[in-house]
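Q: Take a look at the letters that make up each chain.
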Amino acid sequence: MTMPLLALLIWMQAGHPDTVRVLVLVNVSQPVTNISSADLRSIYVGQTTRWPSHRLIVPIVMPLDTAAGTTFLRRVIGMGEVDFAQHWIGLVFRGQTTSPPLVARSSAEAARFVATHPEAIALVTSMPAERNVRVLSVDGQSPQSAGYPLRW
Amino acid sequence: MKRLFVLLFCLAAARVRAQDEISLVPPPRWHIGGFADGVLRSAATNTSRHVIELDMYATYRFSDAWSALAEGIAEREWRPADADDKPRIDLNLERLYITYQRTDAFRLEIGETHTGIIRWNEREHRSRFLQTPIELPAIARQPQEDGAWPTRFVGLWASGQSPGPLRLKWEGGAGAGPGSDRDVIPIFSDNLSPAVFLSTSVAPRWIDGFESGIALYGQHIPSRPEPLRERDLTLFTNYVNRGTEIRAEWARMTHQRTRDPRTFRNTGYYILVSKRLGGIAARARPYVLIDHLDLDPADPYLQEATNEKAWAGGVRYDFTDWFSAKGEVRSERALDGSRRGIVALQVGVSF
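Chains as they are written, first to last, in the numbering used here: chain A, 1 to 152; chain B, 1 to 351.
Since the hints were made in silico from the structure, they are not lab data. Hints may contain errors.
As the list claims (entries may be wrong) - Among chain B residues calculated to face chain A with C-beta under 10 angstroms, some are: (1) 71; (2) 97; (3) 163; (4) 208; (5) 209; (6) 240; (7) 276.
What the hints assert, rightly or not - Just so you have them, the derived chain B footprint on chain A, three or more residues with Cβ under 8 angstroms: (8) 47-58; (9) 75-81; (10) 88-94; (11) 97-106.
Glycine included, every Cβ here is placed at the ideal spot set by N, Cα and C.
Please take these sequences and the hints and turn them into a complete structure.
A: Written out as C-alpha cells, the structure is:
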C-alpha cells in the first residue's frame with residue numbers, strides 16, 4: 001500500500017513543476033527601479049520602443065520553449081510561442097521596429113549583455129552576479145516579496 | 001510547382017542554418033527578410049488560378065532616430081483554363097520610405113507607403129504569410145488586383161500615441177494618391193492627385209490587444225472627362241489576445257463629380273474571427289471570414305472592380321513560427337446571383 005501511495009505522490013509532484021519566477025533586469029545607468037506589468041507587456045509586444053532618453057530599447061527574452069518562457073508569454077503577453085514570434089516578424093515587416101527581441105541561452109548570458117548595453121532590458125530566471133545590472137520590482141513588488149506578480 | 005518546392009526547401013534550409021548560428025550580439029543595423037507563398041485555387045467554374053509570390057523587404061537603421069524600409073513583390077500567376085495565359089512575372093515596388101522617430105509619441109515617414117484608409121493586417125501592409133486567411137478581404141485588395149480603395153500613396157505620413165491609459169493613437173498623411181489610372185501614382189505630371197489622410201484610434205491598456213478607431217481620406221482625382229472628388233470613411237476594430245483574433249472594418253468611399261452633384265457611393269466590410277486551439281492542436285488556427293463589397297455600377301472610376309459577397313472558412317496550421325500551411329473553402333456570389341465554391345491551399349514561409 002505504501003509503494004503505490006509513494007508513486008502517486010511522486011507522479012503528482014512531477015505534474016506540478018517548481019514555481020517559476022521571472023526577474024526583470026536593466027543596466028544600472030537606467031533611472032528606473034520599478035516597472036508596471038502593463039509597461040513590461042508594452043515593451044515586449046513592441047508598443048513601447050524607446051527609453052525616456054530616446055534610445056531604442058533592446059528587449060531580451062529567455063528561450064521561449066522553457067517553462068519560464070511559455071509561462072511569461074501566456075500570463076503577461078497573452079500569446080503562445082508561435083504567435084509571439086510571428087507578431088515580431090510582423091512588427092519588423094511593418095517598419096515599427098528594426099529587430100525582434102534577442103534570445104539569451106542563459107540568465108548569465110542575458111545579465112552579461114545588460115551589464116554592457118544600457119539600452120537592453122532582459123527577462124531572466126536567476127539572480128545575476130553582474131554589478132552593472134539592476135533587478136526591477138514589478139508593480140511595486142520586489143522579487144522577494146510574496147506578492148511579486150511574475151511568480152507562478 | 002516543382003520550382004516552388006525547391007525554393008521553399010532552400011529557404012527552410014537557410015533558416016535552420018541561421019538558427020544554429022544565433023548568439024547574443026546587439027541587433028544589426030540592417031535586416032533583410034521576406035515571405036514566399038504558393039497558393040493553389042481550384043474552382044468548379046473553370047476559373048482556377050494559382051499564384052507564387054515572393055515578398056522581400058529590407059530595413060536599415062542609420063541611428064536610433066533614423067531608419068529606412070524598402071519592400072518589393074514578385075508574383076507569378078497561372079490560369080490553367082485560359083489558353084492565352086502567357087508566363088509573366090509581375091514586379092512591384094510596394095514601399096520605400098525613410099522614417100524619423102525619436103519617441104513613441106511621434107513618428108514620420110517620407111516616401112511611398114500605405115495610406116491606412118484600410119487597416120487590414122495592420123495598415124494594409126500585405127503579406128499572405130502574416131494574415132490568417134488565404135484571401136484578402138475585397139476592400140483590402142490593391143488597385144492592381146482590381147481592388148477599389150486607394151491603399152498606396154507618396155508623401156509624408158506621421159503617427160504617434162499618447163502614453164496614457166487610453167493609449168490614444170493618431171495618424172495623418174499628405175501627398176499624392178492614385179491618378180486617373182488607379183494603378184499609378186503620378187508625382188511629376190499634370191495628372192497629380194493630391195490626397196490627405198487622418199485617423200485616430202484608442203487601444204486602452206486595460207483591454208490587452210483591443211483597438212478601435214476611425215480613418216478619413218480625401219483626394220482630388222484628375223480623371224477624364226471630368227475630375228472627381230473622393231471622400232472615404234472607415235471604421236475599424238481589432239481584438240487580438242490570448243489566441244483569439246477578431247478583425248472588422250466597415251468602409252465607405254464616395255466619388256463626386258466636380259461640375260455636377262452626382263455622387264457614387266461604394267461600401268464594403270469584412271469580419272474575421274479566428275482562434276488558436278489548445279493542447280495537441282495548438283498549432284492550428286481555424287477561422288471564418290465574411291467579406292462584402294457593394295460598388296455603384298455607374299461609378300466611372302471603378303470600372304475594373306467587382307462586387308463581392310462571400311464567406312470563407314479554413315484552418316491555418318503553423319508547423320513552426322516561420323512555416324505554415326492553410327486550407328480554405330470560399331463561397332462567392334457571382335453577378336448573376338449564382339454561387340461558386342473555391343478550394344484553396346497555401347504553403348508559406350518567412351525567412
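Q: Work down the list of hints and note, for each, if the structure agrees.
A: So, going through the hints one by one against the coordinates:
The beta carbon of residue 71/B is positioned within 10 angstroms of a beta carbon in chain A (closest approach about 8 angstroms), and the interface hint is therefore held. The interface hint given for residue 97/B holds, since its Cβ lies 8 angstroms from the closest Cβ of chain A, which is under the 10 angstroms cut-off. Because the closest C-beta pair between residue 163/B and chain A is about 8 angstroms apart, less than 10 angstroms, the hint holds. Among the interface hints, the one on residue 208/B holds; its C-beta lies about 5 angstroms from the nearest C-beta in chain A, closer than the 10 angstroms criterion.
Proximity of residue 209/B to chain A holds as hinted, the smallest CB-CB distance being about 6 angstroms (cut-off 10 angstroms). Below 10 angstroms, beta-carbon pairs count as interface contacts, and residue 240/B has one with chain A at about 8 angstroms; its hint therefore holds. At a threshold of 10 angstroms, the smallest CB-CB gap from residue 276/B to chain A is about 6 angstroms, leaving the interface hint in force. For the segment 47-58 of chain A, the stated coverage by chain B holds: 8 residues have a C-beta nearer than 8 angstroms to a C-beta of that chain, and at least 3 were required.
With 4 residues having a Cβ less than 8 angstroms from any Cβ of chain B, the segment 75-81 of chain A passes the three-residue criterion, so the hint holds. With 5 residues bearing a CB less than 8 angstroms from a CB of chain B, the segment 88-94 of chain A meets the requirement of three and the coverage assertion stands. Figure legend: the segment 97-106 of chain A, annotated as covered by chain B; annotation consistent (6 residues with Cβ-Cβ distances under 8 angstroms, at least 3 required).
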